[in-house]
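Residue-level listing of the chains:
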Amino acid sequence: MADVATVRLKAPPAVTVVVPTRNEADNVRPLVEQLHDALGTTPSEIVFVDDSDDHTPQVIRELSDRDPDGVRLLHRGAGERTGGLGGAVAAGLATARAPWVVVMDGDLQHPPATVPELLAAGQVDQADAVVASRYRTRGRVAGLGGAFRRIVSRASGTLARIFFPVRLRAVTDPMSGFFAVRRDALDTTALRPNGYKILLEVVVRGRMRQITEVPYTFRPRQAGESKASFREGLRYLRHLTLLRLGATRHPVSPLGRLAGFALAGAAGTGVNSAALWALGEAAGLPYLLAAFLAVQVAIVWNFAVIDNLVMPPGSVARRRRFGRFLLLNNTLTPIHLGLLYALVQLAGLHYLTANVLAIVVVFVLRYAVTSNWVYGAPAGAGGLVVAVRRAVATRLFLAVALTAVAFPALAAEVWDSLGNRGPGVPLMIPVAAAAALAASRIRPSGSEPDVHDRQVDGLLATAFLTAGTALLLLIPGDGRLIPAALSFLTGAAILLVGTRTVARLRWALLLPLLAVAGVAPAVRESVDAGIRAVVTLLGRPAGPASSGGGLVTAHHGTELLLPADQLPGLALAGGVACLLISAVVLFGPTARALRRAAVASLALAAVTVGAVLAVLLTGRLFGPAAFEVAGLPVCTDTVLALTVAVVVSRWSPAPAPVTAVRQYLPRGRFALAALVAMALVLLGSAR
Amino acid sequence: MNPGFSAQVVLSRMQRAGLIVALVLITGWAVLFPMAVLQTLVAIVTVAYGAAIVFRVVLVWASTRGEHLIRVSDEEARAVADHDLPVYTVLVPAYREPAVIGQLMSHLGALEYPADKLEIILLLEEDDRETIDAAAAVVTGGHVRILVVPESQPKTKPKACNVGLEQATGEFVTIYDAEDVPDPLQLRRAVVALRRLGPSYVCLQAELGYFNVDQNRITKWFALEYATWFRSLLPGLVALRMPIPLGGTSNHFRARELRELGAWDPYNVTEDADLGIRLARSGYRVGVLDSVTLEEANSDFINWIKQRSRWYKGYLMTWLVHLRSPRATVRQLGWRGILCLNLFVGGTPLAALLNAVLWATTILWFLDRPPIMEEIFVPPFYYLGVICLVFGNATVIYLNVLSARTMDRPDLLGTALLSPGYWAMMSLAGAKAAWQLVFKPSYWEKTTHGLHLPKEAVDVG
Numbered sequence: 001m002a003d004v005a006t007v008r009l010k011a012p013p014a015v016t017v018v019v020p021t022r023n024e025a026d027n028v029r030p031l032v033e034q035l036h037d038a039l040g041t042t043p044s045e046i047v048f049v050d051d052s053d054d055h056t057p058q059v060i061r062e063l064s065d066r067d068p069d070g071v072r073l074l075h076r077g078a079g080e081r082t083g084g085l086g087g088a089v090a091a092g093l094a095t096a097r098a099p100w101v102v103v104m105d106g107d108l109q110h111p112p113a114t115v116p117e118l119l120a121a122g123q124v125d126q127a128d129a130v131v132a133s134r135y136r137t138r139g140r141v142a143g144l145g146g147a148f149r150r151i152v153s154r155a156s157g158t159l160a161r162i163f164f165p166v167r168l169r170a171v172t173d174p175m176s177g178f179f180a181v182r183r184d185a186l187d188t189t190a191l192r193p194n195g196y197k198i199l200l201e202v203v204v205r206g207r208m209r210q211i212t213e214v215p216y217t218f219r220p221r222q223a224g225e226s227k228a229s230f231r232e233g234l235r236y237l238r239h240l241t242l243l244r245l246g247a248t249r250h251p252v253s254p255l256g257r258l259a260g261f262a263l264a265g266a267a268g269t270g271v272n273s274a275a276l277w278a279l280g281e282a283a284g285l286p287y288l289l290a291a292f293l294a295v296q297v298a299i300v301w302n303f304a305v306i307d308n309l310v311m312p313p314g315s316v317a318r319r320r321r322f323g324r325f326l327l328l329n330n331t332l333t334p335i336h337l338g339l340l341y342a343l344v345q346l347a348g349l350h351y352l353t354a355n356v357l358a359i360v361v362v363f364v365l366r367y368a369v370t371s372n373w374v375y376g377a378p379a380g381a382g383g384l385v386v387a388v389r390r391a392v393a394t395r396l397f398l399a400v401a402l403t404a405v406a407f408p409a410l411a412a413e414v415w416d417s418l419g420n421r422g423p424g425v426p427l428m429i430p431v432a433a434a435a436a437l438a439a440s441r442i443r444p445s446g447s448e449p450d451v452h453d454r455q456v457d458g459l460l461a462t463a464f465l466t467a468g469t470a471l472l473l474l475i476p477g478d479g480r481l482i483p484a485a486l487s488f489l490t491g492a493a494i495l496l497v498g499t500r501t502v503a504r505l506r507w508a509l510l511l512p513l514l515a516v517a518g519v520a521p522a523v524r525e526s527v528d529a530g531i532r533a534v535v536t537l538l539g540r541p542a543g544p545a546s547s548g549g550g551l552v553t554a555h556h557g558t559e560l561l562l563p564a565d566q567l568p569g570l571a572l573a574g575g576v577a578c579l580l581i582s583a584v585v586l587f588g589p590t591a592r593a594l595r596r597a598a599v600a601s602l603a604l605a606a607v608t609v610g611a612v613l614a615v616l617l618t619g620r621l622f623g624p625a626a627f628e629v630a631g632l633p634v635c636t637d638t639v640l641a642l643t644v645a646v647v648v649s650r651w652s653p654a655p656a657p658v659t660a661v662r663q664y665l666p667r668g669r670f671a672l673a674a675l676v677a678m679a680l681v682l683l684g685s686a687r
Numbered sequence: 001m002n003p004g005f006s007a008q009v010v011l012s013r014m015q016r017a018g019l020i021v022a023l024v025l026i027t028g029w030a031v032l033f034p035m036a037v038l039q040t041l042v043a044i045v046t047v048a049y050g051a052a053i054v055f056r057v058v059l060v061w062a063s064t065r066g067e068h069l070i071r072v073s074d075e076e077a078r079a080v081a082d083h084d085l086p087v088y089t090v091l092v093p094a095y096r097e098p099a100v101i102g103q104l105m106s107h108l109g110a111l112e113y114p115a116d117k118l119e120i121i122l123l124l125e126e127d128d129r130e131t132i133d134a135a136a137a138v139v140t141g142g143h144v145r146i147l148v149v150p151e152s153q154p155k156t157k158p159k160a161c162n163v164g165l166e167q168a169t170g171e172f173v174t175i176y177d178a179e180d181v182p183d184p185l186q187l188r189r190a191v192v193a194l195r196r197l198g199p200s201y202v203c204l205q206a207e208l209g210y211f212n213v214d215q216n217r218i219t220k221w222f223a224l225e226y227a228t229w230f231r232s233l234l235p236g237l238v239a240l241r242m243p244i245p246l247g248g249t250s251n252h253f254r255a256r257e258l259r260e261l262g263a264w265d266p267y268n269v270t271e272d273a274d275l276g277i278r279l280a281r282s283g284y285r286v287g288v289l290d291s292v293t294l295e296e297a298n299s300d301f302i303n304w305i306k307q308r309s310r311w312y313k314g315y316l317m318t319w320l321v322h323l324r325s326p327r328a329t330v331r332q333l334g335w336r337g338i339l340c341l342n343l344f345v346g347g348t349p350l351a352a353l354l355n356a357v358l359w360a361t362t363i364l365w366f367l368d369r370p371p372i373m374e375e376i377f378v379p380p381f382y383y384l385g386v387i388c389l390v391f392g393n394a395t396v397i398y399l400n401v402l403s404a405r406t407m408d409r410p411d412l413l414g415t416a417l418l419s420p421g422y423w424a425m426m427s428l429a430g431a432k433a434a435w436q437l438v439f440k441p442s443y444w445e446k447t448t449h450g451l452h453l454p455k456e457a458v459d460v461g
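The listed protein sequences derive, respectively, from chains A and B. Using UniProt numbering, you'd call the opening residue of the first sequence number 1 and step up by one each time. Using UniProt numbering, you'd call the opening residue of the second sequence number 1 and step up by one each time.
Excised from the complex, chain A in its bound form (with noise of 0.2 Å):
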C-alpha cells in the first residue's frame, strides 16, 4: 500500500480539483473519499480552499497529513476572504499544478463520479472548458429545493447567455459551480471573481473559444446549509453588466475590432458636425477654417475613443500613438478627395455612390495602416491585417462585393425594393439566412478530406462564370438576373475560396434564388390577408375597417393608408421558406427540422403582425411624416431579415475550432484581378 502511495506521489497530477468549502465539516471526508474512487489510477490533486469558522480545516488537514501531495488546504481566515465563493475558486485555481483544473463544492451535490467524464469530454472534443450541466437531457435538477428556487436557476442562466449569445452558445447551464477547464487556455490573473459564480468569469475574461458540456443530475444535499441568496442575485446581475462592458471593451475578435473601429468612425462624424456648427456658426469663424479645426476634433475624439476601447494598447508609447494617428488621418482626407475625383471624373459614377465607394477603401486603409503603424505590435496587430486578409469570409465579402458590382441591375433592384415593395421576396432576407448559415460552416468539420485542386476550380469558375455572363448578356430577361448573378457569384467564390468551401456553403449560396423563384404570388394574396385579419382583429391601432385591402389608422382625424401592396406577405413567406430550408440543412430532413421551423415560421409570423402594428402605431401617434417613414418596406423587411438570421444562427452548431493546420486557402491573386475585369467589364455592357 505504502509503494502504491509514493508511486503515485511521484507522477505530477493530471487533474487537480479545486473544492472551495464553508463549514462543510461533515462532507469533506466522504468527498474525498468518492473523488479517489471516482478518479481510480489518475494522478491526482484536491484543493480545498476554506472560508469555514467551524472545525472543517481540522478535518482538512488531517486528511492532508496522511497524503500531503494529494489534499492540499488554503484556508483563508476572516480577513482575507475577497470575492466571497468566486474568490476562493479563483484563489484556488492560481494554485492548481495539473493541466486540468475541475472546480466543484464540497457540499456533495456534484457527484464525483462525473469528474472522468468532464476530462474525458475535454480531452475528445479538445476543449478549453467542460460544462457540467443540470439542463442538457441526461441531467436532472433533483437536488434544488422548491419550484422557485429552481426557476431562480434557470432565469439567471438564461440571463447570462441573453448577455453573452455567441461565447455562451454551447452552455446550457451557465450557473454551473462543477465544470473543468485547461490550465493553459486559463488566465488567473484577469479574474476579478464577485458573487457566487466563477464560471462566467473564467470563460468571459478567459476568451475561451470551445466549450463543451456533460450532463449530471443535482444531487439532494448531504448536510450543512445553502447559500444561494437574493442579496447575491442582485450582486450577480451587476457582475454580468460589468462582465458584459469589460468583454467588449478591446474586442479581440478581428472582426469585433473592425466594428468598434467602425462605430468609433460614426461617432466621430457626429462630433465633427457639432465642432464644425460650434466653431462655424457659434464662434463665427471662416467655414474652411472651421471645418479643418472640426476634423482635428474629431480625430482626437477618434483617438480617445479607439485607443481605449477598440485597440489593444500595442508596443508604441501612446504619446507616439497619438502622434501617428494625427498624422495618418489628415493624410487621409487628400487621398479621399483624390479618389473620390478619380471615380466621378475617369469611371463617371454619381458623386454620392462614388463617396460611399472612397469612405469604404479610406475606411479600410485607415484601419489598415492604424492597426499596423499606431498599434504596431509585432505579433498581434501585424497578424490581424494578414488574419482578415487571409480570412475567407473576406474572399466570400469579395466575391460578394464583385457580383454587386457586375450587377448593377440587381444592385439598383435591392435599392428599389428598400423604398417600394417590388414582385418577389426582399433579397435582404434570403441573404440574411445565407450569412447565417455560412457563418458556422466557414471552416472545415474534421472529417472533410483536405484535397483541393486547382485545375477544378478553375474549369468549374469558369462554367459558373460563362452561364452567368451568358444568361445576363445573350438571354435577357427579369427572372433571369437573379439566376444569372447567383452563378457568377459562385464562380467568383469558387476562384477565391475553392471549391470544397464553396460546396461546404452551397446551401447558403442557394437561398437566394428563393427571392426569385421560391414563393408564387398566390402565396402573397393569401398570407397579406392573414395578416390583414389578424391585424384588424387585434383592433387599434389598425382603424376598424379595411378599405381595398389596405390598413387603415387614423391621426388627427386624418387617415393613413398602409395599401394593400405594401404588406409584407411575400416577405413572411419568403422569411418561412428560409427557415424552412435552413432548418432542412441543418438538421436533416427529420419532424425536429419541420417542429423547428414551424415553431420560428410563427414567431416570425408574430414578429410581422407586430412589426405591422408598430407602424400603424407610429402613423397614430407622430403622424403622417412618421407614417411615411415607418411604412418604408426597408423597416420591416430589417426586422424580418434580422429574426431569420437570429433564428438560422441559434439553430446552427457552434462553428469548427480553428486547428493548427491552416485551412486551405488558393492563392487568389490573379483570380481577384480576372474577377475585378471581368466585373468591371460586365458594369460596361450594363450602360
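Derived by calculation from the structure, the hints in this document are not laboratory data. All C-beta atoms in this analysis are idealised placements derived from N, C-alpha and C, irrespective of residue type, glycine included. Don't take each hint at face value.
Non-contacting residues of chain A with respect to chain B, defined by C-beta distances greater than 12 Å in every case (computed) [unchecked claim]:
1. ALA190
2. TYR287
3. LEU327
4. GLU525
Estimated spans, in silico, between C-beta atoms of each pair [claimed, not checked]:
5. B/VAL357 <-> A/LEU309: 55 to 61 Å
6. A/GLY270 <-> B/GLY421: 53 to 59 Å
7. B/GLY421 <-> A/GLU525: 35 to 41 Å
8. B/SER152 <-> A/LEU255: 47 to 53 Å
9. A/ALA677 <-> B/ILE20: 28 to 34 Å
10. A/ARG592 <-> B/VAL80: 38 to 44 Å
11. A/ARG592 <-> B/ASP214: 22 to 28 Å
12. A/LEU680 <-> B/TRP435: 25 to 31 Å
13. B/TRP435 <-> A/TYR351: 42 to 48 Å
Starting from the known structure of chain A, fit chain B onto it as the hints suggest.
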C-alpha cells in the same frame, strides 16, 4: 520497349506536323467559309458521337450472347496440387500509403497459395521514408520482399512495376494496389485459367469491384460504372475479339511474354490500357477472369476528378501513341481493333468532353433559340443529333439500370437514373485531362486513399 510506343513524347514529329498543317488548313477554311466549317464540324461530331453510342450498345449486346467471362470454380482452383503450381510474383507498388500497409499484409496473407511458391514484392519509392518504415515494421521476411525503387524520373507506378518485374522470379506476375482486397483464390484461378487457355492468352484481367459502394452517391455511381465496364463492356470486347484496355490492378501475366513485350510504358499515366492495346498488336489475347478484387471507390468529388482526369489523359495518350503509324496499327489490329481504339480508347474521354459542349448547346437552344443554331445543324445531322439526345441518353441510362440488375442491387436504381450528374463530373474530368495533356502530359495525378476510413486513420498519399 520500343520507344515508338512510349508516351514520353505525346505527339511524334509526324503527328505534330500533321496537326499544325491541319489546324492551318481548317483556320484558313474557317475564315473563308465559317458556316461550312461549323456545319462540317457539327456533322463529324454528331456522327462520331452516334457511332460511340451504337458501339456501346453493340458491346453490351455481344456480351449477353454466350459466356465470355472465364470461370474457374473453387473446386477446380483448389484441385491443383501445391507442387504443380508455378512460382507466382505479386507486385505491390505503393507511394505515401503507410496507413494501409498493415491491412495490405493481412489481405495478401489471405491468398490461398503456398508460401514457397509465392513471391510478394513491395515496390516503395526512395523518398517515401514513412511507408518504407511502416512496411519494414510489418514485413517479417520469408516470401515478402521490400524493393526500394531508386530515385529517377519518371517516378510513376509503371516505372516501379518495371523495376519489380526485372527482379521477379515467378512464371506468372500480377499487380495489386496497396488498398486492394483480392479474392483469396484468384492466383490459383489465374493459373488454372491460363493453363487451360493455352499460350495465345498472355494476360487475364480480374474483375474489379468496390468495398465501399454505399459510402455516398459518388461511390454508388462509380460501382455501377465498374459493373457496366467489367460485366458488359469488357466481355463485349472479348466477344467481338477486340483489344482490351486493362484496368490498373489484378491483371495476371505470363512473365516471359510480358518482358518480351517491353512491359509497361513508364511515361503513360494509364500504362495498363496501353499495355492492353500493345498485347493485341502483338497478336496475344486477353481474357476476363471471373474473380473479384475489391478496391476503394473514390468517394470525394475533387479526388474523383483528379483520378478520372488521369485515366482520361492516359486514354488520350494511348490513343495518340497508337495512331503514330496508322498503317502498322491497322495491319496488326485489324478493323475491329481500330474500331475499339478509336471509339473506346479515344472515344471515352472525347465523349466526356463533348458531352459538356453538346449539353450546353442544348440548354442554350431551349433557353434562347438563337437562329444561328438552325443554320449550323443541317437537317440530316440535326435529326441524328436529336436521336442521340433522346435515345442516346436514354440508352446510356438504361445500361446503368441494367448494371444495377446484374449487380443484384435494385436499391441502386435511383442512382442509375441520376447518371446525368455523373456525366457532368466526367465532363469536368475530361476538360481537366485535355488541359493537362497539353500542358503537363507526364504529370501523375495522385489519388488520395483511405477516405472511407475514420478521420484519424486517413493518410494523404
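Q | Hint check against the structure, violated hint numbers in rising order | A | 10
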